[in-house]
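Given next are the chains, with one letter for each unit.
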Amino acid sequence: MDLTTFDYQKLEDKIKTRELSCVDVTRAYLDKIEAARSLNAFISVYKNDALKRAEQVDKKIAANKAGQLAGLVLAVKDVLVVKGGRTTCASKVLSSFISPYDATVIEKLKAQDVIFIGKTNMDEFAMGSSNESSYFGPVKNPRDMDRVPGGSSGGSAAAVAGDLCVAALGSDTGGSIRQPASFCGVVGLKPTYGRVSRFGLVAYASSLDQIGPITKSVSDAARLLTFISGHDHRDSTSANLPVDDYMSYLDQDVKGLRIGLPKEYFAAGLDPQVEKPIREHIDVLQAAGAEIIHVSLPHTEYAIAAYYIIATAEASSNLARFDGARYGVRAQGVKDLEEMYIHSRTQGFGREVKRRIMLGTYVLSSGYYDAYYRKAQKVRTLVKDDFERALSDVDCLLTPVAPTTAFRLNEKLDDPLTMYLSDVYTVSVNLAGLPGISIPCGMDVSGLPVGLQLVGKPFDEGTIIRVADFLEKSH
Amino acid sequence: MHFEPVIGLEVHVQLKTNTKIFCRCSTKFGAAPNSQVCPVCLGLPGVLPVLNERVVEFATHLALATQCHINETSVLARKNYFYPDLPKAYQISQFEEPFCEHGAITIHVEGQAPQKIGITRIHMEEDAGKSLHAESFVAKNETLIDLNRCGTPLLEIVSEPDFRSAREACEYLVKLRQIVVYLGICDGNMEEGSLRCDANVSVRPLGEAKLGTKTELKNMNSFRAVEKAIEYEIHRQEMVLENGGKIEQQTMLWDANRNVAEAMRSKEYSHDYRYFPDPDLVPIQIARDYIEAVARRMPELPDAKRHRFQSFFGLPEYDAAVLTETPDLATYFEKVAEDVNDKKLASNWVMGHVLRALKDHNDSIHTFPVTPRYLAEILQLLETKSISTNSAKIVFDECFRTGYDPKNIVEKQKLALITDDKKIDQAIDQVLDSNARDVQDYLGGKAKVFGFLMGQVMRATQGKAHPQTVQQALRAKLDALKNEKSTEGS
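Residue numbers (numbering that gives the first Met the number 0), protein chains in the order written: chain E, 0 to 474; chain B, 0 to 489.
All the pointers check out, no bait thrown in.
Only part of the chain B face toward chain E is listed, based on derived beta-carbon distances under 8 Å:
hint: 1; residue: P38
hint: 2; residue: R77
hint: 3; residue: P83
hint: 4; residue: A88
hint: 5; residue: D271
hint: 6; residue: P278
hint: 7; residue: V281
These are computed hints drawn from the structure, not numbers from a lab.
Every residue gets a Cβ at the ideal spot worked out from N, C-alpha and C, and that includes glycine.
Can you make the complete structure from the sequences, with help from the hints?
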């Protein structure tokens, strides 16, 4: 029995009955991480800190004072700040940045005695769908080392899939949790925009970013979501709404649920090998008494364009602070302020980040604002309306996560447009601010995992967790 | 050719909130550099702004005081530009949907009819930090940054181009300053930068409807600088046009030492700010109920107070204007006037002795030793003729010097007048007895002798009798004697 393969559900009893100590578990994962260095899933590993913390948590367990996630060994995407440690965003510009404060989600999980094992690799500033834009090199897919793990939370997904941790946190701006979860065959949940505080999440596109869990089971995702959700007075965009106990949605049936299939998501471009296992799961739902409804999201074809305008516009402003003046990489040997800015940013950022900053700067420029940014916002409203209409008639939507399974490293690196288009099934969900979950639903012929996405109504993570859990347990 | 200047002002007022606009750092002026900062105002990776409610309240105050229409929804936007004292590389401000619009302030320039100056808009924004170059502790070729001021709340008040002279612009600025000080939302200190003013200036041939090309004047740190800089710029533009030249749209910096305005290098201001709504903040929604609640808490505004001082206290317009110049002075006066019957007497003393002492000693009315209660006491003693006007001044000065109770001072210095009429009568009788010849002279028609007798009585009472009382009593006595005499003679 390899305990590193367990989800927290299985591990919890063993830890809380002290059959396994947190130190044992932590050590097992640290060994695994060491053995799997070729995956390049981590940027920082909290070797000593994690063991020290595990010891403390063991004491708390012995004293019966442990938090509700005691001993959950968690990896954190390196876009979330953890006090005292390095937060690099997989960028050269922040390669030595130490945060003086904790993100709200980190604070919340610390309070539940989670053990932080390290910071995971990612696409630079969460910009990418393949985890190839990292300053620290690409992450490899544990299911096939020649393939990408997806992005931008590629390190988190690979770490979970490779059993280097119990679970991980990721961030999702246009699919960055769900797509890598799908490519690596694990569960990825993007909550409703506003469900989880963004305080301490280094912003890529503020109106789209959400933090969420990447886990080995739907149950773990539900549990982590329960603890990271809720209003935060430090984040004006976090919703002041009560938080469900998402565990209560597990082990339910799906009888009578109305599940919508958007026809635009099952059209040309979808790999039949991806479609097949999804269709099989639709049949499972139907057989269990769920009603399958065909719906339409007519503005889907404009979503990618709108997404890449809005996201890059916000990014161009969010990333402007990395100018070398106060922290981060500063170019040396410059003759004036302007040169300092130009050279620091030229040296500090990678190609994809520069591409998006330039695109975003352009769409906000005077004379282009109306044609691009304002129009994209209008499209966003239309996309949102599409979902609202569709979801008024059904309980949730079921779609693919990505048009293909994991592609090969370097395959799309020189073709950013194709890369952008692979986000087609995920970006709309961010534009509409809805919750989405990606769960493994089978394999293609080469044995690569296929993901299935469920999209819920705003703040109704419960329903998609219920359906996802049902499907997971139907295997 | 005759030209008409057209001027508009953009005024920034720094709000007197305890904490910054998007975090809980203190806004206190004068702290050690970079001691009032946190991850949020430092713009560290991952932080988010949260709007300070007091800023909205203060903005509502000013909107109401300037008769602006408060937008039901207004939006905070990012103004993007790179500068070392701007840690996020954008300033959170308002652009397309400002907090309020379409207001007015009435100004009164001496010798002109009152004028309504349009307020285009008022919006809220955060201040930037400070770059230090010239300070003694900064090495040559080095720039240090102090981010204490970064995130201090500001309101920017944009006027319509309604001014036709520097004088008018200045009058407006004085009035606007008075309003924000009255509202208690800004200390109005131009030297410390709590109140900053930029001016847009253009000129056009008299009678021409089309506006000329404007320049923007910056770096004016006093009312005087504002007036002089605008006058300078009007003159400069007129000369350029007179000589057949063209005005270039540019930003001019006022140099108060050399009394000239010079153009900034175009590179320094040709920004494309790429404004867009800040996705980290939600739109500001203002309900009617909220506005009404704030309105109920609004302090009295300068115009209303001035009118009340005229009607309620019966003061002349001039007095009312002087006494209401600052809310603190007005409050001081009102407290004095409460306990003094003669309001004009109170006004004279406050405008005269009090203001002079404040000015001479560069004192603040808050710490002024002659408290309203003390001044009222002095004036009551004067009103009841318990002390003379001269003594009152002595008591005032002493009270200012020592902070002692005026009654104590009167007692110690024996300044009290004889208020007992019998004592005065006795003194008069004595003087009349021992100066019978002079009395006879007076009764014989030598009116001048009255003064001599008066002096004798004053001497007999050691100057402690109120001269007016003595005068009345003496005259009454002598008149009585006169009557006796004429009765005898008949």
